[in-house]
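Visitor: Whole structure, please, built from the sequences with the hints as guidance.
Chain order of the listed sequences is S and V. No gaps in the numbering here: position 369 of the first sequence is 369 in my numbering, and each next residue is one more. No gaps in the numbering here: position 279 of the second sequence is 279 in my numbering, and each next residue is one more.
Wrong hints could be hidden among the right ones.
Unchecked claim - Short derived list, chain S residues pointing at chain V, Cβ under 7 Å:
1. M162
2. T186
3. V190
4. T191
5. L218
6. V220
7. S223
8. F246
9. Q263
10. G265
11. S273
Simulated from the structure, these hints should not be mistaken for laboratory data. Cβ atoms here follow ideal geometry from the backbone N, Cα and C, with glycine treated the same way.
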Amino acid sequence: MSGETILEVRDLRVSFSLRGRRLTALRGASLDLRRGETLAVVGESGSGKSVLAKTFLGMLDRNGRVDSGSIFFDGKDLAGYSKERDWLAIRGKRIAMIFQDPMTALNPLKTVGEQIREAAALHRGLDRAASRAVVLETLDRVGIPDPELRYRQYPHEFSGGMRQRAVIAAAVACRPEILICDEPTTALDVTVQAQILDLIKSLQRELGMTVLFITHDLGVVASVAQRVAVMYSGQVIEEGTVREVFYDPRAPYTWALLASLPQLGVKGEELYSIRGTPPSLFKEVVGDAFAPRNPRALEVDFRFEPPVFPVSDTHWARTWLLDPRAPRIEAPETVRRLRARLARGTDGPETAGGGGAATGGGDSVQGGAE
Amino acid sequence: MSREVLLSVRDLRVDFPVGRKTFTAVRDVSFDVYRGETFSLVGESGSGKTTIGRAIMRIHPASAGEIRYRDRRVSGRIDAASERLLRQKIQMIFQDPMACLNERAKIDYIVSEGLYNFKLFRDEEERKEKVERALRDVGLLPEFATRFPHEFSGGQRQRIGIARALVMEPELLIADEPISALDVSIRAQVINLMNRLKREKNLTYFFIAHDLSVVRFISDRIAVIHRGRIVELAGAEDLFARPLHPYTRALLSAVPVPDPDAEAGKRPAGYDPARAHDYSRESPAWREALPGHFVLGTEGEAEEWARGA
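Guide: Written out as structure tokens, the structure reads:
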């Protein structure tokens with residue numbers, strides 16, 4: 001799991017101009033993507049997860065720009081790229097992306113096979129026959145039965161799940177080093193979602209690809225990822241292995257996110273709910289962006305932005321709670337229950353259920369939700 | 001606790017014309033919803049779950065079978081009084097809070113529309129009072145009445161959708177995926193709100209959803225629907241502890257749970273009706289395999305599944 005860093009994002013700031021106002025989508029986001037891993041980026045709408053991924057491909061909308069920060073990939077800083085020609089050497093060829101809606105990603109007027117073949121021919125410099133063979137092999141690899149027939153069919157002849165497989169085939173046919181998946185299963189039924197997640201997992205293993213998986217579904221994260229980055233309001237606020245982030249979260253926003261999941265809640269009790277809404281991206285954020293919604297916020301949270309504090313070699317979070325001077329603040333009940341699972345080995349089925357085991361936190365007790 | 005049947009659906013079939021042929025979206029569907037419970041209907045897209053909700057609301061006519069509400073038939077041809085009862089006492093909440101509100105109307109009108117239709121107020125004052133109360137009930141400020149839908153966030157809009165239903169003083173709320181379009185944190189707010197309203201106003205919920213794991217938290221009973229037929233119906237905890245029908249098992253295993261250890265090494269169980277069942281000699285029927293736990297299957301299947309549970 002501990003591959004070298006293949007993509008290193010540091011303090012990335014991205015803003016958009018909207019009707020004369022500036023909207024700051026990323027406020028100094030940092031992220032490490034390691035070769036051969038699947039990293040999930042989780043966050044709610046507006047947290048900046050999709051914008052972050054688009055900066056890796058030079059796909060920001062025209063009114064957007066990278067204000068500062070760096071994106072190092074193979075010794076080059078992609079943040080400085082401005083010419084379309086430079087991006088063509090990266091986009092699709094070395095870093096590919098698949099999107100939520102497979103229908104909009106495919107050209108309805110071309111056969112599925114031909115559009116994948118064009119991309120493969122362009123990026124891999126293959127002739128017609130060779131690229132055709134690559135496409136047939138890739139269609140087969142992504143689990144599309146009868147590739148010869150499917151090659152000649154149009155997107156509307158494919159079901160939702162098959163379309164998403166075709167889009168994955170198009171991305172994978174170019175043998176990218178990094179595959180970015182932006183909510184690829186959100187529009188699909190759960191049983192189809194399970195198949196697509198399985199496919200992405202096996203492709204990653206077989207082809208040694210690095211996968212960046214963007215989602216808002218923490219169940220999907222637990223299923224596909226080895227590591228997680230949690231985003232809030234334009235920043236990555238916690239990064240660690242899936243076990244560290246799910247069973248030992250440190251940032252109050254991560255606590256709140258986990259505690260508000262109905263799957264982890266206790267039936268008949270109130271769910272922990274985050275009050276208010278995320279801060280406006282048009283305004284300058286002072287201090288910790290989550291502080292106004294955090295009932296456990298410290299005074300310092302409203303005044304100074306927290307730096308990155310390491311928790312372990314693989315785990316860090318941006319929260320003043322990790323400062324040695326900070327008072328001990330107890331996490332919500334759900335999170336304390338989750339902590340019990342950290343010690344436990346890699347077994348144990350099922351979530352939630354009845355009696356939540358208290359954990360060895362023993363800190364100053366501070367009541368549950370609001 | 002004596003359980004009053006509020007809504008009863010018997011042998012419901014809904015057909016849609018497709019060219020010269022007909023497509024049967026829902027068949028042989030029967031269930032009861034008791035007063036005060038949360039009953040959920042779970043299935044994938046195209047399973048017919050939304051069609052059932054719409055058949056209850058008379059948006060789609062029932063092709064066969066019967067729907068009764070408080071012992072009054074509300075399917076087929078009905079008199080004006082029954083229609084009025086249905087339109088007032090059963091209200092719907094929709095999935096997409098962006099799409100379900102009239103963008104050009106103020107919140108005041110959106111929430112009042114049902115009141116206008118049924119003249120459920122004596123004077124302007126009473127109408128305003130009702131709107132104000134409905135907005136407060138869902139945690140919004142009465143001042144919001146003068147604003148337009150685009151001024152609100154997704155979570156607030158969903159609250160407006162709920163307020164619009166509540167103002168009619170309904171008994172049964174049909175909620176079609178009311179939380180699936182919402183972010184995790186907003187989702188928790190809406191779930192808490194709906195649970196609170198249920199207690200305070202003694203409401204009954206008919207939930208339509210695709211995500212079993214979320215439904216478990218809110219439901220008393222769950223029915224699983226596959227290709228237009230209900231394949232299993234049981235108490236929520238019972239269904240999770242002892243899923244009997246192979247489709248329910250497949251659906252349960254397909255939902256990723258937010259627990260990495262549970263996900264590691266999990267293999268989703270597939271479901272292929274052709275291989276899972278042999279209905280060449282005996283057609284499946286609706287049976288009580290365990291007390292209060294119903295499945296669609298042959299006698300042999302029901303016994304076998306119950307034994308394995």
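Visitor: Taking the hints in turn, state whether each one holds.
Guide: Evaluation of the provided hints:
Violation of the interface hint for S/M162 is found here, the shortest Cβ-Cβ separation to chain V being roughly 15 Å, above the 7 Å cut-off. At its closest, the beta carbon of S/T186 sits 10 Å from a beta carbon of chain V; the interface hint therefore is violated under the 7 Å criterion. Restraint check, S/V190 versus chain V: the minimum CB separation of about 5 Å is within 7 Å; hint holds. For S/T191, the shortest C-beta to C-beta distance to chain V is roughly 5 Å, which falls under 7 Å, so the interface hint holds.
This hint holds: S/L218 has a C-beta 4 Å from the nearest C-beta of chain V, less than the 7 Å allowed. Annotation: interface hint on S/V220 holds; nearest CB of chain V at approximately 5 Å, less than 7 Å. Residue-level restraint check for S/S223 holds (minimum Cβ-Cβ distance to chain V is 4 Å; threshold 7 Å). The interface hint given for S/F246 is met, as the beta carbon of that residue sits about 5 Å from the closest beta carbon of chain V, less than 7 Å.
With 7 Å as the threshold, the beta carbon of S/Q263 comes within range of chain V, its nearest partner Cβ sitting at about 5 Å, so the hint holds. Interface hint at S/G265: satisfied, since its Cβ lies 5 Å from the closest Cβ of chain V, which is below the 7 Å cut-off. Satisfaction of the interface hint for S/S273 is found here, the shortest Cβ-Cβ separation to chain V being roughly 4 Å, below the 7 Å cut-off.
The structure is inconsistent with the numbered hints 1 and 2, although it conforms to all the rest.
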